[in-house]
Amino acid sequence: MEYSEIMVRYGELSTKGKNKKDFIKQLGHNVRKALSSFEGLEVRAQHDRLHVTLNGADSAAVMDRLKGVFGIENFSPAVKVEKDLDTIKATAIAMAKEDFHPGMTFKINTRRQDKEFAYDTYQLNDMLGGAVLDNVPGIQVQMKHPDLELRVEIRMNGAFISGQPIQGAGGLPVGTGGKAVMMLSGGIDSPVASYYGMRRGVKLDMVHFFSPPYTSEQALAKAKELTAKLAKYSGGIQFIQVPFTKIQETIKEAVPEGYLMTIQRRMMLRLAVAVAEMRHAKGIFNGESLGQVASQTLESMAAINDVTSMPILRPLLSMDKTEIIKVAKDIDTYELSILPYEDCCTIFTPPAPKTRPDLEKSRKFEKNIDVEGLMKEALDGITITEIRPGDNFLNQNEDVFAELL
Amino acid sequence: MIYFDNSATTKAAPEVVDTYAKVSANYWGNPSSLHNFGEQAFNLLEQSRQQIADLIGAKLSEILFTSGGTEGDNWAIKGTAMAKREFGNHLITTAVEHPAVHNSMEQLKQLGFEVTYLPVDANGRVSADDLRAAIRPTTILVSTMAVNNEIGAVQPLAEIATVMRDFPKIHWHIDAVQGIGKGLADLIFNDRVDFVTFSGHKFHAPRGIGFMYKRQGRKIAPLMAGGGQERNLRSGTENLPAIAAMAKALRMLLTDEAAKVQRQREIRLAILHHIETFAHVTIFSKDLPVFAPHILCFAIEGVRGETIVHAFEEHNIYISTTSACSSKKHVESSTLQAMAIDEGIATSAVRISLDEHNTMAEAEEFNRVFDQLYQQFAKLR
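Chains A and B, in that order, are what the protein sequence lines are.
All residue numbers for the first sequence refer to the working numbering, where the first residue is 6 and numbers rise by one.
All residue numbers for the second sequence refer to the working numbering, where the first residue is 545 and numbers rise by one.
Chain A extracted, bound-state conformation:
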């Protein structure tokens, strides 16, 4: 079926009262950005719905993009036809036939904006329902929870007929929840935490610590590639790489083994906070999940969190590893995350890190290093990259390979 427009229904926006306007404006902006590669599309974000007029664009491809945009509850592709009863009937029948499976139930749900139209909603429901029943053998009417709800809207500029709504990504439009910094390692957890952060409308900048030569170029490329996967939820993400080698080396020399991890994490958090302040972000997200590793006990979190009063948000805090893996697979970051490159968290890991580090001791051992000087040096070495959906960092040889294969 050749669709003429896609009708997008808002998610939680309906509860947002006065802020609703800003949410809709942001969603309109995000949808336009997500669909920017299509020619001739018109996106109109109105107070109750958002309409994408296709003007001949490939509806399946457009819908595929829309599925990734947060703030959309669901959407329905619709066909616009003349306000002529026979044409409306024929379209409704064609749509029911397209979705038909044995035992299917349906109902017609008509709305009439054009009150001048010759038939009222009851008459239309009745006539269109009858036409579908007569022409689609085996289909049955059911008012409550039908398999297919054909929505017919008689508007001033035409009749719009749409079939089953398609589930959207839910959540809130990215950008409506302010800006924060994400500590992205490249493991399984932090991309999932990023996904949840963005789903609540937060625009995230990625902070990635890298320690050449202890971590490889591939590890860096992997973190960027993960960012590219996540960029589809927001249109684009700033990737901020922070050199961490010297800090790790210094800590390794100056701090007792049991506290290596705690002090490293304190330094990472300080750096993330500094980056956040530079970029006017208001919080730090990370992928911590309670009890998963030594740095993720309550005592550890207390000892690490000590360095800042900025909110630290942990979307995965109470999730099990199996649940996290499931989401990672759903958002297609899992296969990338398990690629075996050393990251900054796995090198210099002492054999027995303290699972219950003492706050006072952490503060004391940290005095062995020049916190301010090391921080300045790291922040001076920051590199920022704008990453867009579909960008490729890991397999730069793909084109060369394509020739070979």
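Treat the hints loosely; a few may be bogus.
[Claimed, not checked] BS3-like cross-link-like pairs, simulated, lysine-lysine; straight-line CA separation at most 30 Å:
#: 1; chain 1: B; residue 1: Lys-713; chain 2: A; residue 2: Lys-334
#: 2; chain 1: B; residue 1: Lys-603; chain 2: A; residue 2: Lys-331
#: 3; chain 1: A; residue 1: Lys-334; chain 2: B; residue 2: Lys-603
#: 4; chain 1: A; residue 1: Lys-331; chain 2: B; residue 2: Lys-713
[As the list claims (entries may be wrong)] Cβ pair distances, simulated, as ranges:
#: 5; chain 1: B; residue 1: His-859; chain 2: A; residue 2: Ile-343; range: 26 to 32 Å
#: 6; chain 1: A; residue 1: Ser-41; chain 2: B; residue 2: Glu-590; range: 26 to 32 Å
#: 7; chain 1: B; residue 1: Ala-769; chain 2: A; residue 2: Pro-356; range: 28 to 34 Å
#: 8; chain 1: B; residue 1: His-579; chain 2: A; residue 2: Lys-372; range: 36 to 42 Å
#: 9; chain 1: B; residue 1: Pro-833; chain 2: A; residue 2: Ser-323; range: 29 to 35 Å
#: 10; chain 1: A; residue 1: Glu-103; chain 2: B; residue 2: Leu-655; range: 53 to 59 Å
#: 11; chain 1: B; residue 1: Ser-779; chain 2: A; residue 2: Val-298; range: 47 to 53 Å
Everything labelled a hint here was simulated from the structure, so no lab data went into it.
Don't be surprised by glycine CBs; every beta carbon is placed ideally from N, CA and C.
Following the hints, put chain B in place on chain A, whose structure we already have.
The following block gives chain B in isolation, referenced to the frame of chain A:
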């Protein structure tokens, strides 16, 4: 030269040899090495795997590389026997399988497994009813070929799939070495099959490389233990030049598959319609779609198969007795035997096997030489 022995092996395509050479020269790092050089090799390996997966409609993780058809068959069978022996010790196959399957089964028999060989009809095909009747509570594997290598019979895979759907726990393996690129993809990659084995040199890739489709979630024991390559299922440093070359060969094979298959069908028919007019010719693989589009097996009564092969060779035409694997062992064709063909006529059987590059002009030349030889053979009778 007219080469009609493509079921024995195919000529590696120049483009494929080119890939083999370039990969050998430029990407010789070990895919398991951590450094960037190994990383590149790993990426090429995975891109080759992805290409093969895409071409046959599988997932990346469902493609495993092997050394060829024989290893694939051995692995599917013995790997299942080892992985599932606590669930039973009964295996089912057909009476017309390639020795790689048959002899694997025989080895397992000596280890205490029980094997049922399904009989075949006059066309060399098993019946789905026989299969259903043969299944026991202890059955762990059914192994059937897609296309018979000797006469080209296509097994009734759709009917077999219907039976197998009622037994979702039994592994089903298809030996598709002769079946790829012959318009049979829908039959082979059905929703029920668990393991499918392939050999590269049957489709213009180098020798010593093949791949296996393994349905996600199905368990199989490794035969090659070692460094844990291929997801711990098939150890050994990956043969990357051959793998990349095979990925390319498969892409070339499956491009415009339908048109290529149609041409092979027409060439095969042109020969079939010509030789069936001769009184002393018996054709074993006659009707499509019971038989694959590229294999034609026939006998000239009273003339030994090897005599026919050598007579054609004199005219620079290369055909074979029914299978290259048994041709030097002077054993009767096991497939024809299973079809209850009289031994006298079975010894006269020869096989023509086409590829997508054969031409109608070659068929005409073959027919012309056939007429001439048939006259000569008359003196032998």
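Verification of the supplied hints:
1. For the suggested pair Lys-713 (chain B) and Lys-334 (chain A), the alpha carbons sit about 26 Å apart, so the restraint of at most 30 Å is met.
2. At most 30 Å may separate the alpha-carbon atoms for a hinted pair to count; Lys-603 (chain B) and Lys-331 (chain A) meet this at roughly 18 Å.
3. Between Lys-334 (chain A) and Lys-603 (chain B) the alpha-carbon distance is near 14 Å, which keeps this suggested pair within the 30 Å criterion.
4. Among the hinted pairs, Lys-331 (chain A) with Lys-713 (chain B) is consistent with the structure: their alpha-carbon atoms are about 25 Å apart, no more than 30 Å.
5. One distance hint, 26 to 32 Å for the beta-carbon pair His-859 (chain B) and Ile-343 (chain A), is violated here, with the actual separation near 59 Å.
6. Between Ser-41 (chain A) and Glu-590 (chain B), the C-beta spacing of about 31 Å keeps the proposed range 26 to 32 Å intact.
7. For the pair Ala-769 (chain B) and Pro-356 (chain A), the supplied restraint of 28 to 34 Å holds, since their beta-carbon distance comes to about 30 Å.
8. Between His-579 (chain B) and Lys-372 (chain A) the C-beta distance comes to about 39 Å, which sits within the given range of 36 to 42 Å.
9. In this structure, Pro-833 (chain B) and Ser-323 (chain A) break the distance hint of 29 to 35 Å, their C-beta atoms being roughly 59 Å apart.
10. The hinted range of 53 to 59 Å is satisfied by Glu-103 (chain A) and Leu-655 (chain B), whose Cβ atoms lie roughly 55 Å apart.
11. Separated by about 31 Å at the C-beta atoms, Ser-779 (chain B) and Val-298 (chain A) break the suggested range of 47 to 53 Å.
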